[in-house]
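Engineer: Letter by letter, the chains look like this.
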Amino acid sequence: MTETDKKKILIVDDDPDLRRGLNVRLRANNYETVFATDGMSAISVAQKERPDLVVLDLGLPAGDGFTVMERFKTIAPLSVVPIIVVSARDPQVNRDRALKAGAETFLQKPVDNDELLSAIRKALGEPVG
Amino acid sequence: MSEMTDRPIKVLLIEDDAGDARLIEEMLAEATGAAFALVWADRLSAGLEHLTQGGIDIALVDLSLPDSLGLHTVVKIHSHASGVPMVVLSGLDDETVAVEALQMGAQDYLVKSQVDSHLLARSVRYAIERHRVLAELEQVREHQLQTKNQFLSHVSHELRSPLTAIHQFVTILLDGLAGDISSEQREYLEIGLRNVNRLRNMIDELLEVGRAEAGRLTVDPRCISLAEPIVETLGTLRPGAEAKGISLSADIPGSLPSVYADPARVRQILTHLTDNAIKFTPEGGAVTIRARGAKEQPGVLCVSVEDTGCGISPERTERIFERFYQEANTAEGSRKGLGLGLYISQELVTRHGGRIWVESQLGNGSVFSFTLPVFSLAKILAPIITENNRVRDSIALITVKLSPIGGSPSKKIGEAVHAQARDVVQRCIHPDLDVLLPRTASTREDEISLVVGCTDWRGAEAVVRRIRDQLGRCQEFQGADVNLTVSATMIETPSQRENTALERLVEEIAAEIGDRLKTVTSGGGDGDG
Numbered sequence: 000m001t002e003t004d005k006k007k008i009l010i011v012d013d014d015p016d017l018r019r020g021l022n023v024r025l026r027a028n029n030y031e032t033v034f035a036t037d038g039m040s041a042i043s044v045a046q047k048e049r050p051d052l053v054v055l056d057l058g059l060p061a062g063d064g065f066t067v068m069e070r071f072k073t074i075a076p077l078s079v080v081p082i083i084v085v086s087a088r089d090p091q092v093n094r095d096r097a098l099k100a101g102a103e104t105f106l107q108k109p110v111d112n113d114e115l116l117s118a119i120r121k122a123l124g125e126p127v128g
Numbered sequence: 000m001s002e003m004t005d006r007p008i009k010v011l012l013i014e015d016d017a018g019d020a021r022l023i024e025e026m027l028a029e030a031t032g033a034a035f036a037l038v039w040a041d042r043l044s045a046g047l048e049h050l051t052q053g054g055i056d057i058a059l060v061d062l063s064l065p066d067s068l069g070l071h072t073v074v075k076i077h078s079h080a081s082g083v084p085m086v087v088l089s090g091l092d093d094e095t096v097a098v099e100a101l102q103m104g105a106q107d108y109l110v111k112s113q114v115d116s117h118l119l120a121r122s123v124r125y126a127i128e129r130h131r132v133l134a135e136l137e138q139v140r141e142h143q144l145q146t147k148n149q150f151l152s153h154v155s156h157e158l159r160s161p162l163t164a165i166h167q168f169v170t171i172l173l174d175g176l177a178g179d180i181s182s183e184q185r186e187y188l189e190i191g192l193r194n195v196n197r198l199r200n201m202i203d204e205l206l207e208v209g210r211a212e213a214g215r216l217t218v219d220p221r222c223i224s225l226a227e228p229i230v231e232t233l234g235t236l237r238p239g240a241e242a243k244g245i246s247l248s249a250d251i252p253g254s255l256p257s258v259y260a261d262p263a264r265v266r267q268i269l270t271h272l273t274d275n276a277i278k279f280t281p282e283g284g285a286v287t288i289r290a291r292g293a294k295e296q297p298g299v300l301c302v303s304v305e306d307t308g309c310g311i312s313p314e315r316t317e318r319i320f321e322r323f324y325q326e327a328n329t330a331e332g333s334r335k336g337l338g339l340g341l342y343i344s345q346e347l348v349t350r351h352g353g354r355i356w357v358e359s360q361l362g363n364g365s366v367f368s369f370t371l372p373v374f375s376l377a378k379i380l381a382p383i384i385t386e387n388n389r390v391r392d393s394i395a396l397i398t399v400k401l402s403p404i405g406g407s408p409s410k411k412i413g414e415a416v417h418a419q420a421r422d423v424v425q426r427c428i429h430p431d432l433d434v435l436l437p438r439t440a441s442t443r444e445d446e447i448s449l450v451v452g453c454t455d456w457r458g459a460e461a462v463v464r465r466i467r468d469q470l471g472r473c474q475e476f477q478g479a480d481v482n483l484t485v486s487a488t489m490i491e492t493p494s495q496r497e498n499t500a501l502e503r504l505v506e507e508i509a510a511e512i513g514d515r516l517k518t519v520t521s522g523g524g525d526g527d528g
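Those protein sequences? They're chains A and B, same order as listed. Numbering that gives the first Met the number 0 numbers the first residue of the first sequence as 0 and each following residue consecutively. Numbering that gives the first Met the number 0 numbers the first residue of the second sequence as 0 and each following residue consecutively.
No wet-lab data here; the hints were simulated from the structure. Heads up, none of these hints are tricks.
The following residues of chain B were derived to be distant from chain A, with all beta-carbon distances above 12 Å:
(1) LEU22
(2) ARG42
(3) ASP66
(4) VAL366
(5) PRO382
(6) SER393
(7) THR398
(8) GLN425
(9) GLU460
(10) GLN469
(11) ALA510
Reference listing, derived: stretches of chain A covered by chain B, where coverage requires no fewer than 3 residues with Cβ under 8 Å from a Cβ of chain B:
(12) 18-32
(13) 78-91
(14) 107-113
Each residue gets a CB set at the ideal place from its N, CA and C atoms; glycine is no exception.
One chain only, chain A, in its complex shape:
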């Protein structure tokens, strides 16, 4: 698989360790990764990099995950990009809200790697398993 065939995933998380860990995991599974550390840069990086999928944290500085999803909806090329929310927050309170805001899936930290990868494959329309 050449570099250009790889699907590009935008990782949005304010914790540098979590970004790095996710980066290693996703690159090992043949994805290209780009990063944003807050809500505002998530939008600008997404507009510049045109990712195929976003892995989004909810608790972010400068516009939380929900704000990011709202903005994505209003920007034409971004409105169709699938979003997987990965958050430490209580799923009982946030899962439905995230799904309504447009997320494909809500996964709670710490996420099982297989679960995350199969959610990503499913959202990208790749064969799962």
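Chain B: place on chain A using the hints.
Structural biologist: Coordinates of chain B only, in the frame set by chain A:
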């Protein structure tokens, strides 16, 4: 006290004897120090109506009423209006009954033949004051509970991020993403990972306890087969059991009826009980999950988790479901977690209307059992089918169907849309007259069918209009390319026969409705399992 003398104390007297009522009225009128305004009700039902209307400062209650007898009256009033203090006025001088009345929520118990004007007025004033202090304490307690739970929720959130980082990098090393590792390194990393998972479970338990205390432990019951959560639990826990040399199996008769329960919660309870059983069973032992009908209690299924472990002494079986209960000195000295799992399991079982218990003998293993209600359409539909102890002439069924446009099976309607649709329909019906039936196992995957039972046809037509209107306006469904059909059918009930018990008749009607639902929700599909 001063605020009370400002206006008369409004006393509700629930007393069927007009003579006694007159006497009490006179006593209160003679009393000095406070003014009383009396409202008289000659039976419990009338009294409860006054309490509903509000404005009552205290209830004076006789225990022998034409429509309610004994302490039952105290329970009824307390559950109906716990914010109103209550004094029992009884003809019976019985200390045991008096103490029980206080335990059930009364502030005082007076014997009619012993009261005079002074005593009665004082008792009434003190009861109001005591009740007020109690209510204040309760408020403080609730506030503290809320603060504690907010703190718990915050802490568990904050703990998850560092835990996630540890989890990520341990699994990166384990999966060889940073180069090859030796078998010894693998072993140590696996120990690390196992403990990360333990920590995660503890954080989850802390959150659940907070929810249980705040009454926010949610249970979403539906019609399910017990076999599924049991088989799933076996699958999750078998590797750990086998590593310990313990055989893990299930014994489920094929003919078990469906239960009315939340599958995720049943899995949670089973996982906890089974995990515990594995923990306390030595190498070479066996853990068995059994499901069966409860002989002594029809309408209920019993699930047990049986082990060949060290057993529990009688004094410990009594306390084992308490919150934060811990084994005082375990032989192996191994930690047993936070001691919250059984407490949470008990709360969850109770929320399902079941009960949980343990039978055990030291050295002879333990059996933890819990019950779940058998799914019964008759029980759920009974309020719709009957009215004043007889069967209604007709009832109506509303069916709401959401299916993907084009009918392509890959375009499944998601869980979020399903939950949203239920929410909307629930808001459209009359909560006292209509019942939204729970999900059934036989619902086709690519479409949603919601069924509402209604007591009358005209009401049903209005509900149909409302559902069409509300669901049609829902953003979620407009974007999702969904076909919406809402229809109502009238069901004539068979006329009541002299020799058939009401219960039996309700069951027959429910069974007929059940048959119709099968064709509605599964399109004549595979039926239930």
